[in-house]
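Participant: Sequence:
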Amino acid sequence: MSVESDTRHDNKRQDILQSTPKVHFFLKPIAPSAALRLAGFTLSKAAGALEPHSVHTDFPELASWFVVLCVFTWSSALAASARDIVLTACLTSLALGSTISPVVSSPTTAERQRAQALATVNQAA
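Under this note's numbering, the first residue of the sequence shown carries the number 4, and numbering increases by one thereafter.
For the record, the hints were derived by calculation from the structure and aren't laboratory data.
It is possible that part of the hints are untrue.
[Stated by the list, open to error] Each pair of labels, with its calculated beta carbon distance range: (1) Ala-82 with Pro-24: 25 to 33 angstroms; (2) Ser-57 with Asp-87: 34 to 42 angstroms; (3) Val-26 with Asp-61: 53 to 61 angstroms; (4) Val-106 with Ser-84: 19 to 27 angstroms.
Positions of the beta carbon are idealized from the N, C-alpha and C atoms, including for glycine.
Please model the complete structure; the sequences and the hints are all you need to start from.
Facilitator: Printed below as a string of structure tokens:
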């Protein structure tokens with residue numbers, strides 16, 4: 004009886020090992036959602052929801068996005084440090100850029116006061 008059961012188990016094992024697995028993978032693209040967000044941003048500018056700004060003016064709406072971008076890139080760089088040095092270097096440089104750019108590009112208090120004084124003079128004239 005044990006010889007028959009061993010033979011049956013061996014045959015069953017061989018059938019399983021030689022059969023093709025019935026597993027299917029479906030990959031979903033990530034890029035379309037990013038493309039749709041970019042299109043939405045572009046359309047909001049064309050519709051007048053966001054007014055175009057000069058590079059030299061304060062743009063707090065954009066600065067608020069840099070705070071979120073900064074948090075996600077620093078946390079991603081920290082997570083990547085456990086796995087890949089190249090990805091860590093890339094994410095760290097992006098995180099540094101997203102941290103520094105709002106600070107460097109924002110006008111100083113003196114520049115803001117000068118712009119307000121000019122606006123006041125122009126309104127009085």
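Participant: So the hint says 25 to 33 angstroms: do the beta-carbon atoms of Ala-82 and Pro-24 match that?
Facilitator: 32 angstroms, holds
Participant: Could you tell me whether the CB distance from Val-106 to Ser-84 stays inside 19 to 27 angstroms?
Facilitator: Holds: the Cβ-Cβ distance is about 24 angstroms, inside 19 to 27 angstroms.
Participant: State, for the Cβ atoms of Ser-57 and Asp-87, whether the hinted interval 34 to 42 angstroms holds or is violated.
Facilitator: Given a distance of about 39 angstroms, which is inside 34 to 42 angstroms, the answer is holds.
Participant: Lying within 53 to 61 angstroms: is that true of the beta-carbon distance Val-26 to Asp-61?
Facilitator: 55 angstroms, holds
Taken one by one, the earlier hints all hold for this structure without exception.
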